[in-house]
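Trainee: Here is how the chains run, residue by residue.
2 protein chains.
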Amino acid sequence: MSFKIKNARDFVDQEVIMEGWMYNRRGSGKIYFMQLRDGTGFMQGIVTEDESGKESMEQAEKLTAETSLRVTGKISQHPKKEDTFEMIVTKIEPVQIPAEEYPISKKEHGPDFLLDNRHLWLRSGKQWAIQRVRNTIINATYEYFADNDFIKIDSPILTPNACEGTTELFEINYFDDDTAYLSQSGQLYLEAAVMSHGRVFDFGPVFRAEKSKTRRHLTEFWMMDAEMAYCDHKMSMEIQEGLMMNIIKRVLEKNMKELAILERDVEPLKKIQGPFIRKTHAEVVAELREMGSDIGEKDDLGADDETMLTKKYDLPIFVEKYPAEVKAFYMKRDPENEGLALCCDLLAPEGYGEIIGGSEREDNLDIILKRIEEHKLDPKVFDWYLDLRKYGSVPHSGFGYGLERITGWITGTHHIRETIPFPRLINRLRP
Amino acid sequence: MSFKIKNARDFVDQEVIMEGWMYNRRGSGKIYFMQLRDGTGFMQGIVTEDESGKESMEQAEKLTAETSLRVTGKISQHPKKEDTFEMIVTKIEPVQIPAEEYPISKKEHGPDFLLDNRHLWLRSGKQWAIQRVRNTIINATYEYFADNDFIKIDSPILTPNACEGTTELFEINYFDDDTAYLSQSGQLYLEAAVMSHGRVFDFGPVFRAEKSKTRRHLTEFWMMDAEMAYCDHKMSMEIQEGLMMNIIKRVLEKNMKELAILERDVEPLKKIQGPFIRKTHAEVVAELREMGSDIGEKDDLGADDETMLTKKYDLPIFVEKYPAEVKAFYMKRDPENEGLALCCDLLAPEGYGEIIGGSEREDNLDIILKRIEEHKLDPKVFDWYLDLRKYGSVPHSGFGYGLERITGWITGTHHIRETIPFPRLINRLRP
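Line by line, the protein sequences are chains A and B.
First residue of the first sequence: 1, per our numbering; consecutive thereafter.
First residue of the second sequence: 1, per our numbering; consecutive thereafter.
Accuracy of the hints is not assured; some may be wrong.
The list treats identical chains as interchangeable, and a pair is accepted whether it falls inside one copy or across any two copies.
Derived DSBU-like pairs (lysine-lysine); straight-line CA-CA distance at most 35 Å [what the hints assert, rightly or not]: (1) Lys6 - Lys249; (2) Lys126 - Lys249; (3) Lys126 - Lys380; (4) Lys380 - Lys81; (5) Lys6 - Lys312; (6) Lys390 - Lys107; (7) Lys234 - Lys91; (8) Lys254 - Lys4; (9) Lys370 - Lys106; (10) Lys211 - Lys380; (11) Lys106 - Lys126; (12) Lys107 - Lys91; (13) Lys370 - Lys62; (14) Lys257 - Lys271; (15) Lys390 - Lys213; (16) Lys270 - Lys107; (17) Lys298 - Lys126.
Derived from the structure by calculation, the hints contain no laboratory data.
Using the sequences and the hints, build the whole thing.
Mentor: Written out as structure tokens, the structure is:
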């Protein structure tokens with residue numbers, strides 16, 4: 001078994017070779033503390049003349065940040081900190097000492113500089129930690145779906161039509177002067193697949209040519225869509241809850257060190273358990289007005305509303321049954337109140353806000369044709385989608401989450417651009 | 001626990017409700033055999049007046065293909081076939097009986113008709129089975145990487161530059177008259193991420209605006225790229241082998257029914273074990289010439305060459321060390337022979353051919369600058385990529401696989417368009 005920093009506990013008192021990079025170094029002529037990293041974690045390497053020899057001392061002195069190197073030494077537990085391990089260095093073999101000073105130092109850099117150097121910024125402790133939490137969220141999602149009879153159906157990115165209007169779409173010249181658009185959601189395709197497989201999900205990039213410059217917008221981001229046949233609005237919320245619980249459980253199991261690097265208070269995450277809070281849109285509007293909001297009866301929750309509401313409770317909140325007229329054509333109406341859609345948004349606590357949106361889908365051909373007309377959409381565009389209501393239609397529901405928003409909430413990251421490896425913004429396409 | 005066909009074994013002699021569709025029906029006035037499906041599998045439902053009652057007989061008679069329905073009945077083991085279960089139907093509740101005849105019947109349909117109706121064709125037995133095998137391949141890939149310290153790094157789809165030339169790229173008008181291209185590979189981005197995380201992979205759609213109309217080309221397909229720091233060409237091949245072994249193991253564990261539906265002979269898959277065959281390009285050229293090929297010393301293997309070679313052996317074949325001059329600029333040269341690249345293609349057996357391509361990457365700044373010049377590429381485009389050789393460069397390797405090609409091989413599917421849910425071809429962007 002080769003040595004990895006994350007497994008240091010298993011190597012106490014053993015001599016190992018760490019292959020990685022020197023993140024930083026402090027100390028003077030008598031002792032050097034090298035902060036080492038190997039991709040799986042960070043560890044301190046201690047260099048003294050007594051333990052490490054003269055040659056190592058000389059090496060340690062001349063190494064600069066981001067030197068790649070192999071370091072040999074003995075692993076020991078930190079005298080004061082539990083679950084922290086150090087290496088008493090016996091040999092340093094540089095692989096490459098940068099000829100130029102590493103551009104990212106400990107001092108404050110502006111966001112443009114950091115984003116221009118995203119290919120290097122990814123190595124910084126917090127950026128490293130965010131990506132590892134993101135990875136856990138991805139794996140916990142796959143795990144939950146595999147355990148619950150979902151299969152992955154990759155919906156297409158190149159699509160002939162817009163799902164909900166053509167604004168905010170990136171357009172491509174396809175062959176023979178055909179026009180293609182980059183997908184904003186795989187939902188309609190999953191509705192086809194669910195009639196074959198019962199339960200499906202996709203998980204891929206989606207695109208919005210939106211001219212918004214907020215901390216919650218990216219032009220390219222990763223979205224997970226799930227769709228379930230023979231599943232109503234209520235069952236769908238239970239699945240959403242199960243998925244979120246699995247994600248939080250796995251992050252708390254696997255990423256305590258990452259969350260510590262991010263200075264994320266984990267107590268609010270530990271408090272989360274099912275069942276989540278369920279409130280109707282009407283209840284939420286009334287509650288928000290009491291709290292001072294000027295939200296209207298048919299309004300979506302504004303960013304301030306979401307913040308106010310989600311700071312009030314420890315648990316995520318399902319906001320159900322929005323006024324149907326402000327929601328998408330494919331949403332089924334509430335049989336108890338035709339004016340409401342059987343939909344829900346899931347709001348994350350601590351002021352974070354919306355992370356999931358979902359609904360039961362209208363499964364009746366005549367009704368959905370009427371909705372398409374009401375929404376002034378072109379029924380021809382939905383030809384194949386309507387087939388799903390002609391041949392063995394069934395009650396079905398689905399929901400979608402934005403990976404960057406969930407990562408932002410769980411890692412406590414203010415701006416969503418840090419939650420994706422290479423952010424694409426209205427003014428940023430590089431590196 | 002609710003009933004799913006794939007778990008029928010656990011419900012023998014129990015009364016259950018199946019929620020799904022009637023795939024087909026045969027029989028006459030005395031007995032009906034309904035072929036039922038619920039997304040997780042197929043099962044026969046037997047309807048007789050004695051066991052099912054008069055009402056069920058009337059229902060069974062009038063149901064047409066792709067009726068959605070709930071069927072109540074008792075599960076029993078098939079009298080002759082092991083691992084096959086049936087339902088003695090006691091109640092039939094149609095959800096929707098199609099008003100129009102289902103367009104896809106048992107008779108032969110042309111490929112254009114089937115592709116036009118891809119949203120329905122996905123329900124056919126073989127198409128269902130292919131997607132389930134594809135799903136297993138996806139999950140086995142995530143599993144292998146999680147078990148081997150890789151994390152997922154989503155490389156961007158919208159990219160400012162071409163990795164290897166601008167032909168075959170889809171172009172997009174980004175904001176403010178900037179031009180973006182759809183990614184053909186995430187490799188260069190993973191090379192940045194690997195310096196932070198040690199081992200990373202991506203798995204997402206890539207795009208080729210190639211005017212090829214062969215059974216092995218799609219304009220949009222799913223690609224997995226893996227990249228490893230402190231990893232040479234030889235170690236990379238071992239990882240590729242481990243990944244492929246895990247994929248085959250999981251498919252043979254989970255998808256025997258699907259492979260039976262596909263009439264896939266599983267014996268060749270069962271024979272596969274490590275170590276795979278390793279041959280140099282020069283050895284392969286000599287071997288192929290002896291077999292009658294006119295392949296030149298610097299030629300890539302043609303489709304016929306791959307077929308001929310891979311039919312000769314039971315195991316996958318690594319073809320290593322191609323002449324460097326015909327390979328990409330970023331490939332490291334063989335220290336034992338500067339004219340060769342430290343690269344490999346993995347060829348699947350049974351005549352299938354290439355499924356993985358990989359190489360060790362050139363990690364020296366001066367050498368890679370020389371290669372960029374030799375390949376007449378613009379060094380400015382590679383600014384950030386060159387930074388990776390300036391600051392703590394390390395030996396690193398990577399490889400990529402095409403999901404549809406692997407799925408095609410394992411499922412024995414002739415045309416790659418059936419291995420992706422919604423294929424995009426030069427003349428097909430719909431549904």
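Trainee: Each of the hints needs a verdict: does it hold here or not?
Mentor: Going down the list of hints, with the structure as the test:
1. Lys6 - Lys249: Classified as both: same-chain Cα gap 19 Å, cross-chain 28 Å, threshold 35 Å.
2. Lys126 - Lys249: within (21 Å within a copy, 37 Å between copies)
3. Lys126 - Lys380: between (49 Å within a copy, 29 Å between copies)
4. Lys380 - Lys81: This pair counts as neither: shortest intra-copy Cα distance 66 Å, inter-copy 47 Å.
5. Lys6 - Lys312: Neither, since 37 Å and 44 Å both go past 35 Å.
6. Lys390 - Lys107: between (63 Å within a copy, 21 Å between copies)
7. Lys234 - Lys91: between (61 Å within a copy, 26 Å between copies)
8. Lys254 - Lys4: both (15 Å within a copy, 32 Å between copies)
9. Lys370 - Lys106: Between copies only: 33 Å across chains, 60 Å inside a chain, cut-off 35 Å.
10. Lys211 - Lys380: This pair counts as both: shortest intra-copy Cα distance 29 Å, inter-copy 29 Å.
11. Lys106 - Lys126: Close inside one copy (12 Å), not across copies (58 Å); limit 35 Å.
12. Lys107 - Lys91: within (30 Å within a copy, 73 Å between copies)
13. Lys370 - Lys62: Only across copies: Lys370 and Lys62 sit 29 Å apart there, 74 Å inside one copy, limit 35 Å.
14. Lys257 - Lys271: within (19 Å within a copy, 43 Å between copies)
15. Lys390 - Lys213: Only across copies: Lys390 and Lys213 sit 33 Å apart there, 42 Å inside one copy, limit 35 Å.
16. Lys270 - Lys107: Classified as within; 33 Å inside a copy, 57 Å across copies.
17. Lys298 - Lys126: neither (40 Å within a copy, 47 Å between copies)
Violated hints, listed in ascending order, are 4, 5, 17; each of the other numbered hints is respected by the structure.
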